[in-house]
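K.L.:
Could you build all of it, start to finish, from the sequences and the hints given here?
Read the sequence shown against the numbering used here and you will find it ends at 613, with the numbers running on by one and no gaps.
One should not assume that every hint holds.
As a list, the in silico EDC-like pairs of lysine to aspartate or glutamate whose alpha-carbon atoms are at most 20 Å apart [unchecked claim]:
| # | residue 1 | residue 2 |
| --- | --- | --- |
| 1 | Lys350 | Glu204 |
| 2 | Lys203 | Glu586 |
| 3 | Lys407 | Glu313 |
| 4 | Lys203 | Asp585 |
| 5 | Lys232 | Asp248 |
| 6 | Lys232 | Glu252 |
Cβ-Cβ distance ranges computed for the label pairs, FRET-style [unchecked claim]:
| # | residue 1 | residue 2 | range |
| --- | --- | --- | --- |
| 7 | Cys576 | Pro610 | 16 to 22 Å |
| 8 | Val274 | Leu540 | 34 to 40 Å |
| 9 | Phe494 | Gln48 | 40 to 46 Å |
| 10 | Pro243 | Lys591 | 45 to 51 Å |
| 11 | Gln48 | Ile339 | 35 to 41 Å |
| 12 | Pro483 | Gly360 | 55 to 61 Å |
| 13 | Ile314 | Ser486 | 32 to 38 Å |
| 14 | Gln602 | Pro516 | 26 to 32 Å |
| 15 | Leu250 | Lys590 | 41 to 47 Å |
The set of hints was computed from the structure by calculation and includes no laboratory data.
All of these numbers come straight from a predicted model, not from anything done at the bench.
All C-beta atoms, glycine included, are put in the ideal place defined by N, C-alpha and C.
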Amino acid sequence: MPNRRFAAGEVVMGRWPGSVLYYEVQITSYNDLTHFYTVQYKDGTELELRESDIRSVSSFKPRKSNSSSSSPSRRSGSRSRSRSPGRSAKGKRRSSSQSRESRDEKKKTVRETNLTLLKLNENNTSRYNGEPDSTERNDTSYKILQKVESELEIGHVLDQYTLHPRRQKKKEEIFLEQRVFETAKTTEKVSTQTKELEFGGRIGAFCMIFFLPATVFYLLLKCKQEDPSVMNFPPLPAFDSLWETRVFGVFLLWFFLQALFSLLPVGKVVEGMPLLNGRRLQYRINGFYAFVLTAAAVGNSLYFEIELHYLYDHFLQFAVSAAIFSVLLSIYLYARSLKAPKEELSPGGNSGNFVYDFFIGRELNPRIGNFDLKYFCELRPGLIGWVFINLAMLLAEMKVQDRNEPSLSMILVNSFQLLYVVDALWNEEAILTTMDITHDGFGFMLAFGDLVWIPFVYSLQAFYLVNHPSEISWPIASAIIILNIFGYYIFRGANSQKNAFRRNPNDPKLAHLKCIPTAAGKSLLVTGWWGLVRHPNYLGDIIMALAWSLPCGFNHILPYFYMIYFTCLLIHREARDEHQCKKKYGLAWERYCQRVPYRIFPYIY
Numbered sequence: 009m010p011n012r013r014f015a016a017g018e019v020v021m022g023r024w025p026g027s028v029l030y031y032e033v034q035i036t037s038y039n040d041l042t043h044f045y046t047v048q049y050k051d052g053t054e055l056e057l058r059e060s061d062i063r064s065v066s067s068f069k070p071r072k073s074n075s076s077s078s079s080p081s082r083r084s085g086s087r088s089r090s091r092s093p094g095r096s097a098k099g100k101r102r103s104s105s106q107s108r109e110s111r112d113e114k115k116k117t118v119r120e121t122n123l124t125l126l127k128l129n130e131n132n133t134s135r136y137n138g139e140p141d142s143t144e145r146n147d148t149s150y151k152i153l154q155k156v157e158s159e160l161e162i163g164h165v166l167d168q169y170t171l172h173p174r175r176q177k178k179k180e181e182i183f184l185e186q187r188v189f190e191t192a193k194t195t196e197k198v199s200t201q202t203k204e205l206e207f208g209g210r211i212g213a214f215c216m217i218f219f220l221p222a223t224v225f226y227l228l229l230k231c232k233q234e235d236p237s238v239m240n241f242p243p244l245p246a247f248d249s250l251w252e253t254r255v256f257g258v259f260l261l262w263f264f265l266q267a268l269f270s271l272l273p274v275g276k277v278v279e280g281m282p283l284l285n286g287r288r289l290q291y292r293i294n295g296f297y298a299f300v301l302t303a304a305a306v307g308n309s310l311y312f313e314i315e316l317h318y319l320y321d322h323f324l325q326f327a328v329s330a331a332i333f334s335v336l337l338s339i340y341l342y343a344r345s346l347k348a349p350k351e352e353l354s355p356g357g358n359s360g361n362f363v364y365d366f367f368i369g370r371e372l373n374p375r376i377g378n379f380d381l382k383y384f385c386e387l388r389p390g391l392i393g394w395v396f397i398n399l400a401m402l403l404a405e406m407k408v409q410d411r412n413e414p415s416l417s418m419i420l421v422n423s424f425q426l427l428y429v430v431d432a433l434w435n436e437e438a439i440l441t442t443m444d445i446t447h448d449g450f451g452f453m454l455a456f457g458d459l460v461w462i463p464f465v466y467s468l469q470a471f472y473l474v475n476h477p478s479e480i481s482w483p484i485a486s487a488i489i490i491l492n493i494f495g496y497y498i499f500r501g502a503n504s505q506k507n508a509f510r511r512n513p514n515d516p517k518l519a520h521l522k523c524i525p526t527a528a529g530k531s532l533l534v535t536g537w538w539g540l541v542r543h544p545n546y547l548g549d550i551i552m553a554l555a556w557s558l559p560c561g562f563n564h565i566l567p568y569f570y571m572i573y574f575t576c577l578l579i580h581r582e583a584r585d586e587h588q589c590k591k592k593y594g595l596a597w598e599r600y601c602q603r604v605p606y607r608i609f610p611y612i613y
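P.N.:
Structure follows, in structure tokens:
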């Protein structure tokens with residue numbers, strides 16, 4: 009094992025990833041397995057650097073003293089003094105017209121310096137590829153470092169330690185950048201183990217594996233009861249009411265039918281956010297087409313009098329089938345992740361503990377050929393299934409309650425949630441910038457959430473209304489419609505602004521927005537929707553969740569479970585985002601929080 013060159017607490021010069029600039033940093037720790045140093049910059053940003061990217065402060069002293077002591081020709085006076093001041097002027101001649109001697113010296117310094125580009129790792133600047141939700145601008149490092157100089161007051165190191173002139177790029181600079189880029193391609197990929205565990209760590213992950221399915225089945229059994237009050241626990245169902253092979257077969261048919269639709273050569277192909285190794289995966293955007301084809305297939309089934317009431321009658325069995333399939337899928341995902349390259353593992357699901365990694369997910373983007381399993385499950389089987397479960401509940405309500413038409417409450421619930429799903433499929437490309445895709449691995453948490461939680465818990469209001477009718481008047485319905493439109497307006501406006509800012513920060517439509525540059529090479533929006541609260545899209549989500557629950561009335565709290573759960577989930581996500589952003593952006597995040605003090609609810613939280 010190689011010896012350490014630098015000790016914890018030592019102040020050294022660390023090279024900024026992807027550039028040739030050195031900054032004063034402090035060593036905080038050393039990883040004996042990966043041989044990476046964790047360093048902290050003056051603005052609080054923490055990164056992991058190789059030893060080859062760290063130099064002692066003394067090596068950056070003016071070149072005059074070093075050269076004069078080491079060069080015999082200078083000691084003997086064989087060199088003219090006209091060149092020595094040009095090297096030791098300490099920046100006095102770094103103006104718009106820099107001398108030829110200084111430029112030649114810098115070119116020599118570049119040639120003598122062995123640059124090895126740091127692989128972007130767990131705490132690196134592109135770890136989240138645009139997540140969390142505080143919106144970021146991907147400027148070039150050449151421009152952002154000039155902004156950092158004025159914003160974070162560490163710019164004095166730019167002139168002192170820059171290895172190429174800070175002006176219009178010359179041929180040697182372009183060559184250097186190409187050389188650094190090629191070095192990045194061949195740099196050995198190292199993935200450190202996950203240090204910070206979420207959801208209560210190993211014990212919490214173990215409990216969640218059992219708690220999530222138990223919650224789903226408890227809620228579904230409660231909706232079937234005549235009195236669904238909280239303290240009225242449902243009896244345990246018989247085994248034959250939980251499992252039927254035919255139901256499992258229907259679920260498999262649905263899953264693979266959606267997989268077939270996703271593979272159809274329709275829709276555009278786009279690139280995702282950059283991965284840690286610099287690659288961009290390709291995704292086919294055809295979720296809306298899959299929804300239209302599914303709707304046509306369901307409509308054709310209804311035309312030939314194939315009743316969707318079968319789904320209502322066997323709803324609990326479908327939930328059990330989906331849960332079993334999600335467990336089998338999770339086992340497959342964990343097994344294949346053991347053979348995945350280290351650079352393809354998720355930064356948050358590589359702890360080395362089986363239970364935790366099984367729950368969180370080890371592999372970031374598991375694919376079978378070009379078929380991306382995580383991306384497919386995020387939008388297709390569960391989200392589209394949610395809509396048609398609601399439709400089945402609408403038809404079941406008419407049959408169970410002997411109605412000629414569905415109730416106004418059922419129509420509102422179906423319409424609101426249909427709008428939400430269609431919006432997600434129409435804006436499918438936006439999911440590529442979310443944490444689920446760019447950061448979270450694909451394990452039991454996402455597999456169960458996508459295939460079980462979304463279709464069977466999100467449809468809870470419609471399932472509840474089948475046996476617990478709630479009659480509302482048109483004035484009340486109008487107020488609920490206005491509330492849902494208001495929440496959707498905030499939700500869609502915030503997400504559209506965020507996605508446009510990430511894709512093209514130089515869009516003239518965004519010229520009015522103000523932002524704070526950060527040392528991570530990004531920028532944080534402080535005006536527009538993101539100047540109102542730090543997570544305006546969460547605010548819109550919560551308002552819509554309330555609008556979905558209100559048509560069910562106030563007789564029981566059960567229909568409001570989704571709203572309560574969703575609010576708690578978003579608050580948890582917001583806390584996780586706050587922690588990661590503070591760690592990632594340091595001083596810039598503190599300034600952002602001062603400008604935007606409220607997290608989700610204006611003037612409240």
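K.L.:
Now tell me, hint by hint, if it's right for this structure.
P.N.:
Going down the list of hints, with the structure as the test:
A threshold of 20 Å between alpha carbons decides the hint, and for Lys350 with Glu204 the separation of about 18 Å falls inside it, so the pair holds. With a CA separation close to 17 Å, the supplied pair Lys203 and Glu586 stays within the 20 Å bound. In summary, the hint linking Lys407 to Glu313 is supported, as the alpha carbons are separated by about 14 Å, within the 20 Å threshold. For the hint linking Lys203 to Asp585, the alpha-carbon distance of about 17 Å falls within 20 Å, and the restraint holds.
Taking the CA atoms of Lys232 and Asp248, the gap is near 16 Å; set against the 20 Å cutoff, the hint holds. The straight-line distance between the Cα atoms of Lys232 and Glu252 is roughly 19 Å, inside the 20 Å bound, and the hint therefore holds. Distance hint check for Cys576 and Pro610: the Cβ-Cβ separation is about 20 Å, which falls inside the suggested range of 16 to 22 Å. The hinted window of 34 to 40 Å between Val274 and Leu540 holds, with their beta carbons roughly 38 Å apart.
In this structure the hint that Phe494 and Gln48 lie 40 to 46 Å apart at CB holds, the actual value being about 43 Å. Taking the beta carbon of each, Pro243 and Lys591 are about 48 Å apart, inside 45 to 51 Å as hinted. Checked against the hint of 35 to 41 Å, the C-beta distance between Gln48 and Ile339 comes to roughly 40 Å, which is consistent with it. Distance hint for Pro483 and Gly360: a CB-CB separation of about 59 Å, consistent with the stated range 55 to 61 Å.
Checked against the given bound of 32 to 38 Å, the beta carbons of Ile314 and Ser486, roughly 36 Å apart, stay inside it. Here the CB-CB span from Gln602 to Pro516 is close to 29 Å, well matched to the stated 26 to 32 Å. Our hint of 41 to 47 Å for Leu250 and Lys590 holds, since their Cβ atoms are close to 45 Å apart.
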